[in-house]
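Spelled out from the first residue to the last, the chains are:
There are 2 protein chains.
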Amino acid sequence: MSLTLWSMPSSGNSYKARLLLAHLGRAYTHIACEAGSEALARAKAEGNAPLGKLPVLRTEAGELLPESNAILWYLGRGTDWVPEEPVAQARTLAWMFFEQNQHEPVIAVRASLRCYPERAAQATPERMAALLEAGHGVLGVMEAALARADWFGGTRPSIADISLFAYTHTAEARGGFEMARFPAVTAWCGRMAALPGHVALDHLP
Amino acid sequence: MSLTLWSMPSSGNSYKARLLLAHLGRAYTHIACEAGSEALARAKAEGNAPLGKLPVLRTEAGELLPESNAILWYLGRGTDWVPEEPVAQARTLAWMFFEQNQHEPVIAVRASLRCYPERAAQATPERMAALLEAGHGVLGVMEAALARADWFGGTRPSIADISLFAYTHTAEARGGFEMARFPAVTAWCGRMAALPGHVALDHLP
Numbered sequence: 000m001s002l003t004l005w006s007m008p009s010s011g012n013s014y015k016a017r018l019l020l021a022h023l024g025r026a027y028t029h030i031a032c033e034a035g036s037e038a039l040a041r042a043k044a045e046g047n048a049p050l051g052k053l054p055v056l057r058t059e060a061g062e063l064l065p066e067s068n069a070i071l072w073y074l075g076r077g078t079d080w081v082p083e084e085p086v087a088q089a090r091t092l093a094w095m096f097f098e099q100n101q102h103e104p105v106i107a108v109r110a111s112l113r114c115y116p117e118r119a120a121q122a123t124p125e126r127m128a129a130l131l132e133a134g135h136g137v138l139g140v141m142e143a144a145l146a147r148a149d150w151f152g153g154t155r156p157s158i159a160d161i162s163l164f165a166y167t168h169t170a171e172a173r174g175g176f177e178m179a180r181f182p183a184v185t186a187w188c189g190r191m192a193a194l195p196g197h198v199a200l201d202h203l204p
Numbered sequence: 000m001s002l003t004l005w006s007m008p009s010s011g012n013s014y015k016a017r018l019l020l021a022h023l024g025r026a027y028t029h030i031a032c033e034a035g036s037e038a039l040a041r042a043k044a045e046g047n048a049p050l051g052k053l054p055v056l057r058t059e060a061g062e063l064l065p066e067s068n069a070i071l072w073y074l075g076r077g078t079d080w081v082p083e084e085p086v087a088q089a090r091t092l093a094w095m096f097f098e099q100n101q102h103e104p105v106i107a108v109r110a111s112l113r114c115y116p117e118r119a120a121q122a123t124p125e126r127m128a129a130l131l132e133a134g135h136g137v138l139g140v141m142e143a144a145l146a147r148a149d150w151f152g153g154t155r156p157s158i159a160d161i162s163l164f165a166y167t168h169t170a171e172a173r174g175g176f177e178m179a180r181f182p183a184v185t186a187w188c189g190r191m192a193a194l195p196g197h198v199a200l201d202h203l204p
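In the order they appear, the protein sequences are chains R and U.
Quick note, the first sequence lines up with residues 0 to 204 if you use numbering that gives the first Met the number 0.
Quick note, the second sequence lines up with residues 0 to 204 if you use numbering that gives the first Met the number 0.
Keep in mind that the hints were calculated from the coordinates and are not lab data.
As the structure is a prediction and not an experimental result, all values here were calculated from the model.
A virtual CB, placed ideally from N, CA and C, is assigned to each residue, including glycine.
Each hint should be verified, as a subset may be incorrect.
[To be verified] Examples of chain U residues lying across from chain R (beta carbon under 8 Å, computed):
| hint | residue |
| --- | --- |
| 1 | R57 |
| 2 | T58 |
| 3 | G75 |
| 4 | D201 |
[Said to hold, decoys possible] Per label pair, the in silico range of CB-to-CB distance:
| hint | chain 1 | residue 1 | chain 2 | residue 2 | range |
| --- | --- | --- | --- | --- | --- |
| 5 | R | G51 | U | A119 | 25 to 35 Å |
| 6 | U | E84 | R | P195 | 40 to 50 Å |
| 7 | R | R147 | U | A21 | 30 to 40 Å |
| 8 | R | G51 | U | L194 | 39 to 49 Å |
| 9 | R | A120 | U | R118 | 35 to 45 Å |
| 10 | R | E33 | U | R147 | 27 to 37 Å |
| 11 | R | A192 | U | A38 | 39 to 49 Å |
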């Protein structure tokens with residue numbers, strides 16, 4: 000059975016998995032399931048989205064794995080993308096939990112409220128203002144961390160960098176956040192995009 | 000230097016770390032930092048809350064580690080609380096990312112809006128109703144998983160079970176969720192509380 004990824008091409012969570020697969024040079028079958036598509040309905044009906052969300056990875060042995068950051072862990076384990084040293088490894092995961100608890104619910108959610116017409120009714124001025132302020136707070140935490148190290152994984156890029164990059168590099172274009180206020184984050188996005196093996200979100204098939 | 004934990008005694012995120020430390024029988028220095036306390040202000044001023052939040056663990060070597068689930072990983076790694084097999088390990092982390100992205104922002108947030116008087120003004124009827132519905136959805140995902148296995152880690156309790164237990168076991172008392180609708184989740188809470196080494200939240204010093 001080939002390594003298979005069900006993903007939503009426009010989603011940052013799905014991009015995480017595809018970006019790491021590109022860096023690792025791993026071959027895989029990609030099943031594109033955009034919101035509202037027949038492919039997404041089929042994936043759910045056939046039990047391939049155990050938590051109701053994408054991306055989902057199916058291993059060569061046929062095991063299903065949900066959650067973008069858990070997929071990064073599974074694919075990255077034993078490679079240069081996951082530090083071996085226990086504290087560095089736990090700090091890498093710490094940034095990924097931060098990403099799911101503090102970053103994604105603000106930066107990705109504000110972008111989705113601006114970009115998906117079906118969500119426009121939920122984009123009240125109060126909510127958008129609160130998300131803007133919270134997002135600038137999150138980007139400020141990242142800015143402070145990048146004043147001390149080039150990468151969230153420490154001395155070299157890790158799955159934490161891939162996790163945080165997914166929604167950060169489109170935070171201004173999609174989310175309306177003011178990236179000029181965060182020069183270290185902007186420079187780190189540039190370093191990520193300059194890595195050999197990098198593939199831009201809109202250059203993926 | 001002794002293993003040290005800065006934690007907020009009333010917080011589920013802090014309870015996760017203390018519960019695993021109890022199960023592991025690890026000695027540690029506990030610095031209680033309740034919301035608004037001088038101890039919390041001191042922890043922040045002295046740089047011991049790198050992401051501005053608690054819990055934070057300081058290792059014997061003096062390294063600071065934030066994020067409750069990353070602390071569970073660090074402490075649990077190499078013990079029976081973290082599966083070794085790659086897919087089981089990644090699935091354990093998947094539940095912990097789910098906990099931070101789907102569970103905590105709903106179940107813990109609704110509880111905090113009910114229990115902390117300073118948050119009462121944010122507890123509008125619309126918000127409380129939306130959180131109630133979302134929380135029942137999250138508990139439904141857990142109920143479905145527990146129909147297939149006794150533990151979120153698979154065949155034995157793992158750090159995913161500790162992570163999810165922290166805010167689930169108080170979901171009715173603090174959050175107002177209807178646990179009678181989720182018998183498998185209720186039974187799992189009972190199994191967690193019956194484990195040797197278990198310490199109840201309000202029995203911690």
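Evaluated hints:
The interface hint given for R57(U) is broken, as the beta carbon of that residue sits about 11 Å from the closest beta carbon of chain R, more than 8 Å. At its closest, the beta carbon of T58(U) sits 6 Å from a beta carbon of chain R; the interface hint therefore holds under the 8 Å criterion. Look at G75(U): its Cβ only gets to about 10 Å from chain R, farther than 8 Å, so that hint breaks. About 25 Å separates the beta-carbon of D201(U) from the nearest beta-carbon of chain R, more than 8 Å, and the hint is not met.
Between G51(R) and A119(U) the C-beta distance comes to about 32 Å, which sits within the given range of 25 to 35 Å. A C-beta distance of roughly 32 Å is found between E84(U) and P195(R), which places it outside the suggested range of 40 to 50 Å. As the Cβ distance of R147(R) to A21(U) is approximately 33 Å, the hint placing it in 30 to 40 Å holds. At roughly 29 Å, the beta-carbon separation of G51(R) and L194(U) lies outside the given 39 to 49 Å, and the hint is violated.
Against the hinted window of 35 to 45 Å, the Cβ-Cβ separation of A120(R) and R118(U) comes to about 27 Å, which falls outside the hint. Restraint check, E33(R) to R147(U): a C-beta distance of roughly 29 Å satisfies the suggested window 27 to 37 Å. Roughly 43 Å separates the CB atoms of A192(R) and A38(U), a value that falls within the hinted 39 to 49 Å.
Checked against the numbered hints above, the structure violates hints 1, 3, 4, 6, 8, 9; every other hint is satisfied.
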